[in-house]
Structure formats: C-alpha cells, structure tokens
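Q: Residue strings, one per chain:
Number of protein chains: 2
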Amino acid sequence: MDILKDRIRKEAKIVNADVLNLDSLLNHAVDPQLTMEMGKEFARRFSGEPVTKVISVESSGIPIAFATAYAIGVPLVFARRKMTLLNESDAYCERIPSFTKGIVTDLLVSRNLLGPDDNLLFIDDIVAGGDAARGLIKIIRQSGARLAGIGIAVEKTFQAGGRSLREMGYRVETLVRIASLQHGEIAFED
Amino acid sequence: MDILKDRIRKEAKIVNADVLNLDSLLNHAVDPQLTMEMGKEFARRFSGEPVTKVISVESSGIPIAFATAYAIGVPLVFARRKMTLLNESDAYCERIPSFTKGIVTDLLVSRNLLGPDDNLLFIDDIVAGGDAARGLIKIIRQSGARLAGIGIAVEKTFQAGGRSLREMGYRVETLVRIASLQHGEIAFED
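Residue numbers (the numbering used here), protein chains in the order written: chain A, 651 to 840; chain Y, 651 to 840.
Worth flagging that the hints you see were computed from the coordinates, not collected in a lab. Keep in mind that a hint or two might mislead.
Heads up, the list lumps identical chains together, so a pair's fine if it works in one copy or across two of them.
Think about it this way: if two alpha-carbon atoms lie no more than 20 angstroms apart in a straight line, the pair counts; the simulated EDC-like pairs of lysine to aspartate or glutamate are [what the hints assert, rightly or not]:
| hint | residue 1 | residue 2 |
| --- | --- | --- |
| 1 | Lys788 | Asp668 |
| 2 | Lys732 | Asp756 |
| 3 | Lys703 | Glu661 |
| 4 | Lys788 | Glu835 |
| 5 | Lys732 | Glu708 |
| 6 | Lys660 | Glu687 |
Note that this is a predicted model, so its numbers are computed, not measured.
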C-alpha cells in the first residue's frame, strides 16, 4: 500500500535495528483519512469471507480495526489487556509477553462477545514477535469461533511474528512489509 | 442522542448503583455505524471551533474520538496509559487514579504531538469522576495547546466528573445523560 509506505518513509523514526517508532501515524497519533483507506483495503482483500466481527487488541490496533469493521459493516470487538472492575469474571483470558513493553499482560475477551457462530477477521497495526496475536488466537479457539484471516498494517518480516502465524495455517495480509531496520535505514520488501 | 439512548436501554447492564457495563456497545465491542454517527454529532456541535486535533485517552474512547476526527478531517492523538519502550522520554506525563480499575496509571503524550498552535477537542466514551479528563487537561496545559471543548458520549450526572469540568470553564457536550442507576433502573436525564 503505497500511501502508507510513503508516510512511513516520511514520519517513522528508527529506534534501533528491531524497533520502529510509528507514533505519529499508527501508535499514538493517527490520520483518520489514511486509516479509513487501510480499513477499505482490508475489507477488499477479505471480501470473499463472510466475516461476522472484526477483532483486535487494545490499543493501537483499534483505529485500523474500527475502520475495517466500518468498511465491512460488522461490529468491532477489542480484547482488553488487563483485569478491570468491569470484567472480572466471564472472560476468556490468556497471559502474553509484550515485545514493546517488556512485561506480561493478561488479554481478556468477554464470553458473551464471541461464540461458535462467529467468523472473525483479526486486524492489528503491527506484528513483531506475534505474541499478542497468538494469545488472541488461543482466546478465539476457546470461544469456538473461526478465525477467517489476519490483517496487519505493518509487518517486520525480519521478526518471526507474521511467518509463525502463516505456519499455523492462517491467511495473513499485510499492507507494508519491512525487511530490515539495519544501518539506520528502513528497507521495504516488495 | 436517541439512537444511543435506545441501545443503552437494550444492552447496558447495571453492575451496581455507580457502575454501568457498556461492554457490548462502548467499552469492549462497538458498532462502527453508530459510532460514526456519534462522531458526526460531535463534529456538528463543535463546528464553530477551528479544531486542529481530536485528543482522547486509550482505550475505550478511541473509536468515538476516531470517528469525530474523521468527521472533522483532523488527526487523532490518544494519550497512552503507561510507559512503554517506545516512549520513555520526551513525553508530558500525569499520574491519575482510575475509577473502574482501582489503580493509578500514568498518562503520557509525546511532546512532538501537541504544541501551542493546537486547538484541541477532547472526546471520550464516558465520564464518571473525571480523573482521566483532569489528567489530560493538565497535559494539554503543559503543552501550551488550547482545549476548545470536551465531548463525552455518556455522562453519569450523579457523579462529579462532568460538573467539575464545566466548573473549570470548559464547554462539555454529552450525547446521553444518566441521572441515576438506583433500584436496578437506568434513569435518563432530559
């Protein structure tokens, strides 16, 4: 997706050879018009699937997942990252490590929001190690729902996340693939 | 906003006299079409203001804030709730208690995302005690930006949050006002 690639070229900051700061367009600030285009693109790529809900993980995946759910015309469910007073019980739960936070968090989805009749599209902003995605997949399996596919805005192909999800048998669509952040340069994969 | 009120009547669950569970339409799952209508309504109410950015707090305010930013045609910035490896420095920071989580969290906004030229519209899903809002207002003041107004989807008027923000001199627009959750009933205020 060239418009996203152009924005990454202009605005992303390389933190180190593993971490790209996308704060100004993906993780902390978003351009709603660009994000809606990303949602339309995911809706187009998965148009052959009878998706019942889009699912994501809070927080930075929410805008793109919302835009995708809007384009398809289905609800959005987002997994919560920790226990709150509002959802102490009746939730599917998986503990996951966080690549960017250096901590473990609990991922939760209310049992009444997912079920065996659901055909889900999982949308997230970025895949690095894929821990959050694998945690969410375990939750989806617990619920009996089907995972129709996975859409990720930015895949760092030099990290194992995207590959490991494909090896699990899932269709993974990514809008931009980054092959390397070595030597202070973003190398895109085409 | 009658369509939101109807959905709350049908789907909200009263946890106790202080807490309303809006998981199925606001905090954990969202209806993108309804959310876009809420965004258009906020854009309409604040159309007299030259808003440069919409600002919110992760996570559950993000969809409505995104929809509002899309309707106005400006970027969305969302305050992060804790320190991650990606934004350890160069951030405005305020510590806030959380009404629903029973814990304190740090609220952060990157310094390069807000500045004195900004005229902000703060959008959130719900206001109870108003702690997150007051924390965000302190961050906005640190940045030198102007806060043009505050839009909240659901105000519980029997709690002090909305009133305290109005007493600070801010224009606060709420789509639905709930006067009481006593006796297992949602009493709307008109």
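Q: Which of the listed hints are broken here?
A: The structure breaks hints 1, 4; every other hint is satisfied.
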